[in-house]
Structures are given as structure tokens and as C-alpha cells.
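Trainee: Since chain A is already given, all that's left is putting chain B on it; use the hints.
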Amino acid sequence: MKILFVILLLLASLVFTEVEQGNLIVEKDILVTTLPHTEEEFTILYTLYNVGNGPVYDVRLQDSDNFPKDKYSTELSQIDTNWDQIEAESNATHAVILKRHSVGSDFLGPATVLFKNTPNGQDLTSTSTYIGRLNFTPKSPGESRKSPNWEHWIIFSVVAALVLVIPFLLFKKSEKKKKRLAMNLRKKK
Amino acid sequence: MSTKNKRKKKQREERAFREVEREREQTLRLRKPTTKQRMLYFFVALIMNALPTYLFFSIYEMDLLKSLPLFGFVSIVCSIILSMGYHNVSFFLKHRILKKTGVNFQKKQTKKKVAGGEREERQKKQLESSITTQSVSLSLLYNSLFFLVIVLIFAFYITWIFEAHTNYILSLAIGSSIVTYISSTKIQ
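From first to last, the protein sequence lines stand for chains A and B.
Add 15 to a position in the first sequence, counting from 1, and you land on the number used in this note's numbering.
Add 52 to a position in the second sequence, counting from 1, and you land on the number used in this note's numbering.
So that you can see chain A by itself, here it is in the shape it has in the complex (with noise of 0.2 angstroms):
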């Protein structure tokens, strides 16, 4: 009887133990403030959090179907990468500038993301949130025209009063001079 509660407690044990495993939530988001056109770069940031209680290992991001060449180019990083390892209750996150060159409309899905519990365990899939349909139509010339551009238009404001306050100095000085001259020169007469 004692040798059997025994055995029956070590099964318990085994079974409620508490195995360490990670587990990552990744979202993928556009960094815009005004949709974006083509032959305009735009940013795509990934972050990985890791909820589980342990690290995951030999993470991989996989993005490359979502942006095919032939429409879009990428500026200082490749759009897939990996990490060897991400600690319990940490995040990662890596950003990705893109430019697309033709007009068009694209659905940009959800990246998947490839990882280990243990570092010759097996592959686990995550999928990351999705940012949807984005619609690239070329500038038109009125777009800058029409933003604010406070900033531009201070300094040409500064400039133009500054050489135009100039002449205006001049001409107040010189119809003094004048008016006293006149005057001077009509008493002679």
C-alpha cells in the first residue's frame, strides 16, 4: 500500500509539473501617417513578444511572399531574419523599409514565424496579425501643395519681410531729407 501512494505521487508530480515552454505573439504593423504611393518608401515593423515562461530558440521571420521583387524593393534590410534565442517575457522586433514601383493594389497578409522550445526541439508556427489591403496610386502633384508646410513658409515669410522692410526704410529716410531740402530751397526764393 505504502510503495503504491508512493508510485501514485511521483505520477502526480510528473504530471503537474510545471514544463518551461515559450510562446510568441507577433504583430505586424505599417508605420504611416497618410496612405503611402508608389515611389514612396514606407516602413514595416514586426515585434515579437515571447508570453510563454521560457526562451524560444532558432526564430525565423518569413515575410518574403507578402512583397514579391518585381513590385517591391527594399531599402537597408532584408525582409526575412532570425534570432537564436528570445528570453521568457522579452520582445524583439525588427523593421523593414519598403518602396513599391507600380501602381496597384496588394493584400498584405499575415508573416509566419518559425521557432524551437529547446534548441534541437521541433519547429513551431506562429502567424503574425495582418495589415490588409493597401491601394498605391501614384502622387499627384497638388499632395505637398495642399500640407501645411508651416515651417517652409515662416522662413520664406521671414525672408521676403526682411528684404522688403529694406526700401522701405530707405524711402522714409530719403523723403525727410527731401521734404527739408524742398522747403530750404523754396524760403530762397
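Please keep in mind that the hints were generated in silico from the structure rather than gathered at the bench.
None of the hints are false.
Selected chain A positions facing chain B (in silico; Cβ < 8 angstroms):
(1) V174
(2) L185
(3) S189
(4) E190
Derived DSSO-like pairs (lysine-lysine); straight-line CA-CA distance at most 27 angstroms:
(5) B/K177 / A/K188
(6) B/K152 / A/K192
(7) B/K146 / A/K188
(8) B/K84 / A/K187
(9) A/K192 / B/K176
(10) B/K151 / A/K188
(11) A/K194 / B/K176
(12) B/K118 / A/K114
(13) B/K176 / B/K88
(14) B/K176 / A/K191
(15) A/K187 / B/K152
(16) A/K187 / B/K176
(17) B/K152 / A/K194
(18) B/K176 / A/K202
(19) B/K146 / A/K191
(20) B/K88 / A/K192
(21) A/K187 / B/K151
(22) B/K177 / A/K194
(23) A/K192 / B/K84
(24) A/K192 / B/K146
(25) A/K187 / B/K88
(26) B/K88 / A/K188
(27) A/K192 / B/K151
(28) A/K187 / B/K177
(29) B/K88 / A/K191
(30) B/K84 / A/K194
(31) A/K194 / B/K151
(32) A/K194 / B/K88
(33) B/K177 / A/K202
(34) A/K192 / B/K177
(35) B/K146 / A/K187
(36) A/K202 / B/K151
(37) A/K188 / B/K176
(38) A/K191 / B/K177
(39) B/K151 / A/K191
(40) B/K152 / A/K191
Keep in mind that this is a model prediction, so the values were computed, not measured.
The beta carbon of each residue, even a glycine, is placed where N, CA and C say it ideally should be.
Mentor: Frame of chain A, contents of chain B only:
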């Protein structure tokens, strides 16, 4: 009519003719700008053309290095046109102010030396130079303001539909042409 009266009449006509000729010569002398004036007008016109150029490369995002030859050429041509407009208005204003002062600027050709005559001549010269300064500064102020207003209206409300380079050429060329044309109508 006796010969004496005929002679007097002829002398009067000759004197009147000489007055008219002298006034025409003075007008022609004022009509041509001096080298100093030309340089001043061109320099100010260059600055006035540089201001809208700054707006084009900052707001319309024209590449400064690539468009530098275009900026240079258009600015120089429009500055030459605008400087003609400056002189037209300055000439018109000077003529008007000279008449308003009520002072006779003609040199009295007498053989006798009048007391205080030299001092009076000096004062007349000073008065003429201050009138010149007044007319030039007023012309620069008026024409520059007029030019800026026209260029901004064209660049942002009328010719904005064109491509940035075409918009730049049109707005500056039209602005300087309108200013010079209106200034030349004043003289006529």
C-alpha cells in the same frame, strides 16, 4: 508785321524750342539707368527670384542639385526682365516727384556769379539725389511685392496642375513679365 516784331517772335520760338529740347534731353538722361542702378536692380531681382525658388524645392520637393541649371537659368532671365520693370517705375516716380517739389532744377546760364549760387546748386543736387533714392526704393518695394504676389498665385492656384519644373518656369516667367508690362504702361 515789322521786322523787329518778327525777330522777337522768332527769338521767342527759338527759346521755347530750346526749353523743349532741354527737357527732352533731361528725360532721356533719366530714362537710361546708370550702371550702378542696373546692378542694384539686377541684384534685388535675383533675391526676389530666389525666394519662390526656395518654396519650389521645399514644398514641391524639386531636387536641388538636379534642378540647379534650371533654377540658375530661369532666375537670371526673370531677373533681367524684372530689373527693367524696376527702372520703369523708378523713372516714372522720379519724374512725378521732381514736378511736385516745385523746384527748378535747370542750371541758370548766366555770366554773372550770383551770391550763394554754388550753395543753391549743391542743395539742388542733394535734393535730386534724395528724390532718386526715394523713387528707386519705392519702385523696389512696390514691384517686389507685386511680383511675389503674382508668382505665389500662379504657383499654388493656377499652374500647380503642371509638373513641378513646368510650374516653376511658368510662374516665374509670367510673374516677371506682368510686372514689367504694367510698369511700362505707366510710362506711356
